[in-house]
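Undergrad: One-letter residues, chain by chain:
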Amino acid sequence: MYDVVVVGAGPAGSMAAKTAAENGLKVLLVEKRQEIGTPVRCAEGISRENVERFFEVDKKWIAAEVTGAKIYAPDKTEVVMSEEMAGNEVGYVLERKIFDRFIAREAAKAGAEVYVKTACTDFERRNGFVRVKLRRMGEEWDVEARILIGADGVESKIGRKAGIIKTLKMNDIESCVQYLMTGLDIDQSYTYFYLGREVAPGGYAWIFPKGNSSANVGIGVLPKMAEKTAREYLDAFIEREGIEGKVVEVVAGAVPVYGEIETAVSDNIMLVGDAAFHADPITGGGIANALAGGYYAGKVAAEAVKKGDFSAGFLRKYDELWKDDFGKKLKRNKKLQLKFLEMDDATINKLAASISGKNLSEMSIRAIVTELIKAHPRLLWDLKSIFI
Amino acid sequence: MARKATVNRRKCAYCGACVAVCPVDANELVETYLEIYDDRCNGCGICVRTCPMGALVLVEVN
Ligand SMILES: Cc1cc2nc3c(=O)[nH]c(=O)nc-3n(C[C@H](O)[C@H](O)[C@H](O)COP(=O)(O)OP(=O)(O)OC[C@H]3O[C@@H](n4cnc5c(N)ncnc54)[C@H](O)[C@@H]3O)c2cc1C
Ligand code: SF4
Ligand code: SF4
Numbered sequence: 001m002y003d004v005v006v007v008g009a010g011p012a013g014s015m016a017a018k019t020a021a022e023n024g025l026k027v028l029l030v031e032k033r034q035e036i037g038t039p040v041r042c043a044e045g046i047s048r049e050n051v052e053r054f055f056e057v058d059k060k061w062i063a064a065e066v067t068g069a070k071i072y073a074p075d076k077t078e079v080v081m082s083e084e085m086a087g088n089e090v091g092y093v094l095e096r097k098i099f100d101r102f103i104a105r106e107a108a109k110a111g112a113e114v115y116v117k118t119a120c121t122d123f124e125r126r127n128g129f130v131r132v133k134l135r136r137m138g139e140e141w142d143v144e145a146r147i148l149i150g151a152d153g154v155e156s157k158i159g160r161k162a163g164i165i166k167t168l169k170m171n172d173i174e175s176c177v178q179y180l181m182t183g184l185d186i187d188q189s190y191t192y193f194y195l196g197r198e199v200a201p202g203g204y205a206w207i208f209p210k211g212n213s214s215a216n217v218g219i220g221v222l223p224k225m226a227e228k229t230a231r232e233y234l235d236a237f238i239e240r241e242g243i244e245g246k247v248v249e250v251v252a253g254a255v256p257v258y259g260e261i262e263t264a265v266s267d268n269i270m271l272v273g274d275a276a277f278h279a280d281p282i283t284g285g286g287i288a289n290a291l292a293g294g295y296y297a298g299k300v301a302a303e304a305v306k307k308g309d310f311s312a313g314f315l316r317k318y319d320e321l322w323k324d325d326f327g328k329k330l331k332r333n334k335k336l337q338l339k340f341l342e343m344d345d346a347t348i349n350k351l352a353a354s355i356s357g358k359n360l361s362e363m364s365i366r367a368i369v370t371e372l373i374k375a376h377p378r379l380l381w382d383l384k385s386i387f388i
Numbered sequence: 001m002a003r004k005a006t007v008n009r010r011k012c013a014y015c016g017a018c019v020a021v022c023p024v025d026a027n028e029l030v031e032t033y034l035e036i037y038d039d040r041c042n043g044c045g046i047c048v049r050t051c052p053m054g055a056l057v058l059v060e061v062n
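Heads up: the protein sequence lines correspond to chains V and Y, in order.
Just so you know, we're using this note's numbering here: the first sequence kicks off at 1 and counts up by one.
Just so you know, we're using this note's numbering here: the second sequence kicks off at 1 and counts up by one.
These are calculated hints, taken from the structure and not from any lab test.
Watch out, some of these pointers could steer you wrong.
To be verified - Straight-line distance between alpha carbons at most 27 Å, and here's what the computed BS3-like set of lysine-lysine pairs gives:
| hint | chain 1 | residue 1 | chain 2 | residue 2 |
| --- | --- | --- | --- | --- |
| 1 | V | 335 | Y | 11 |
| 2 | Y | 4 | V | 228 |
| 3 | V | 246 | Y | 11 |
| 4 | V | 306 | V | 246 |
Based on the sequences and whatever the hints tell you, model everything.
TA: Rendered as structure tokens:
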């Protein structure tokens, strides 16, 4: 009998396994892929603060350090933001292949058993425990756990089977594709974001530097608004911007942009990371919340084992922790995302023009939005209650 | 004639976007490939529109 079985060794699952094991629990972490961290499904940006909160930074998993973000409106109006205010996506550009393995190894070091090439195919609650069905290279067997942590990413089946979440709709998911390109002529100290319905309907295009004149060049689109595949939009973007370089890796993926779910638990079960739709609806960033959510889930699992209480009622403590930390922001940014979706390219140009060239390094995001609301009350008045 | 989703495995990047949106759990990322369960697929096309790689199409089946 395990105290905790964690399904999925992304940042959320490995962090949950690490924390639970450090608190003395018997933990099993399973990952269906044969290598942790590959294939990568990420642009790899994270703020300094959000990574340093949990780990001492190791140069091995940092590909580049950036000091700001440049945002481009459809008419190419440029808005430059400093690192402190550009949010979750600047600071470090990680090497996730190495970063994800590092966290899984930390979990193993703390005492968790780690099985790769092992999929959770089903589970069932029985007599207050969970029977978890596992499959590894054709072999199938069951294990018992007091708590099952679903860290199985955007494709999560655990959350749906447990009745905690519903299937994502076409306007709650970003369909993304990205090329790792080399031989690029860009200033490596910035991340770059390109907005506009024509470029990326319901999303944005990005360039995140990865050192040595290489970068992640990608795009996310909302399937509900998109007329072509994400890949076709990316190719069009690269051509439009005249980006010249060689593609050495292709990454595809999806980000849940649902906003805050009401609860991420049911009896004996907790969801963490993308499985709990914990990615940011505006930026699509999910690593920071995956780490924080995993940490809280591991802590609450330890408390539950101590108390011998695995009911949803007790596990709601985990809900309180993640909601207090980043839940409010998920909710707020969902509202902001819906507002952005209403805007046509001319409106985005107008908004960008009103702050372009201003010294934004001394302003907070709240201050910028407040300025924008003042300059365009009719457009943005309904955001007043969230920001002012 | 009913419509079902089919995957072009040469284009599929194993990303899970289609699994995240299928309303009837008709697909799954098995160890190294995407499996679509014909008996469950209702041909709604949501996965086709979500796939970033254009790896899915709807085909007519008997
Ligand atoms: C193109 C793209 C760009 C992105 N860019 C950024 C960015 O710049 N910054 C940022 O912060 N976030 C970004 N994100 C989001 C970020 O990648 C995710 O939020 C983050 O990886 C979520 O971590 P996770 O641990 O919840 O899930 P994942 O990292 O997806 O891990 C889930 C794991 O579970 C495994 N799994 C699934 N089902 C099973 C099963 N049944 N049995 C066993 N194992 C299973 C999977 O194989 C996978 O390894 C991006 C996403 C995409 C798609
Ligand atoms: S067509 Fe609809 S039912 Fe069939 S696999 Fe795709 S999303 Fe699922
Ligand atoms: S969304 Fe497309 S690329 Fe991703 S797993 Fe499904 S078929 Fe493959």
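Undergrad: Need the list of violated hint numbers for this structure, in ascending order.
TA: 1 and 4
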